[in-house]
Amino acid sequence: MAGLIVYFSRRHQNYVNGVIRDLKVGNTEIAARMIQKHTKADLFRIEPLQEYSKDYNECIAQAQADQRRDARPELKSYPEEIEKYDTIYLGYPNYWSTMPMAVFTFLEHYDLTGKRICPFCTHEGSGMGSSETDIRKICPGAAVEKGLAIHGAEVDKAEPETEKWLESLR
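The sequence shown lines up with residues 296 to 465 when you count with my numbering.
Calculated from the structure, these hints are not laboratory results.
We put the CB at the ideal spot given by N, CA and C, even for glycine.
Mixed in with the good hints there might be a few duds.
[As the list claims (entries may be wrong)] Label-pair restraints from in silico Cβ distances:
#1 R465 / S348: 37 to 43 Å
#2 E403 / R306: 21 to 27 Å
#3 G436 / R316: 35 to 41 Å
#4 V320 / T408: 30 to 36 Å
#5 K379 / Q359: 35 to 41 Å
#6 E378 / R306: 29 to 35 Å
#7 S421 / E378: 22 to 28 Å
#8 H307 / T408: 34 to 40 Å
#9 E456 / Q345: 31 to 37 Å
#10 G313 / K379: 27 to 33 Å
#11 D317 / E342: 27 to 33 Å
#12 A366 / R316: 22 to 28 Å
#13 R431 / L338: 22 to 28 Å
[Stated by the list, open to error] Listed next, the in silico DSS-like pairs over lysine-lysine satisfying Cα-Cα at most 25 Å (straight line):
#14 K335 / K432
#15 K371 / K410
#16 K441 / K459
#17 K332 / K459
#18 K432 / K379
#19 K459 / K410
#20 K335 / K441
#21 K319 / K332
#22 K441 / K410
#23 K410 / K332
#24 K371 / K319
#25 K379 / K410
Produce the complete structure using the sequences and hints provided.
So this is what it looks like as structure tokens:
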């Protein structure tokens, strides 16, 4: 069986080390590609049908509103054959102590019983938050491993800790 890296990542304006920066590639995508380099797993990007604004402050307002109303945004697509994967590396930025609502949409779309979920997130100081607990609630039949929290501003330097985390999963 193979592995699948499923991730939500946001480029454009992002909060990085206390300032707003325009990112060509989102931090979580950088982490996902790093994991792919070491695992050779397939990649799938979670994309909401209605994308968040490129403007950081507007994006924050939209994402907070989604979280407050417990929204499940419609996604552009889903992987065709999730059954063939035994391990899912699940990546996302930490949004107010958990995952973006689009990640909830993705997880609730499938019965992931019997799958191994290895969560990783990028953050600016809040670590994994409650996301591991949230994943366990949504996917009670899956084995949810200890996650990897990567400081977003340091994602380019996170290869050693990523390799160590991947080794701990073997």
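Comparing the hints with the structure gives:
no. : hint                    : result
1   : R465 / S348: 37 to 43 Å : 40 Å, holds
2   : E403 / R306: 21 to 27 Å : 25 Å, holds
3   : G436 / R316: 35 to 41 Å : 40 Å, holds
4   : V320 / T408: 30 to 36 Å : 33 Å, holds
5   : K379 / Q359: 35 to 41 Å : 36 Å, holds
6   : E378 / R306: 29 to 35 Å : 31 Å, holds
7   : S421 / E378: 22 to 28 Å : 34 Å, violated
8   : H307 / T408: 34 to 40 Å : 36 Å, holds
9   : E456 / Q345: 31 to 37 Å : 34 Å, holds
10  : G313 / K379: 27 to 33 Å : 43 Å, violated
11  : D317 / E342: 27 to 33 Å : 19 Å, violated
12  : A366 / R316: 22 to 28 Å : 27 Å, holds
13  : R431 / L338: 22 to 28 Å : 24 Å, holds
14  : K335 / K432             : 28 Å, violated
15  : K371 / K410             : 23 Å, holds
16  : K441 / K459             : 12 Å, holds
17  : K332 / K459             : 14 Å, holds
18  : K432 / K379             : 23 Å, holds
19  : K459 / K410             : 22 Å, holds
20  : K335 / K441             : 20 Å, holds
21  : K319 / K332             : 20 Å, holds
22  : K441 / K410             : 14 Å, holds
23  : K410 / K332             : 21 Å, holds
24  : K371 / K319             : 21 Å, holds
25  : K379 / K410             : 10 Å, holds
Comparing the model with each numbered hint stated earlier shows that hints 7, 10, 11 and 14 do not hold.
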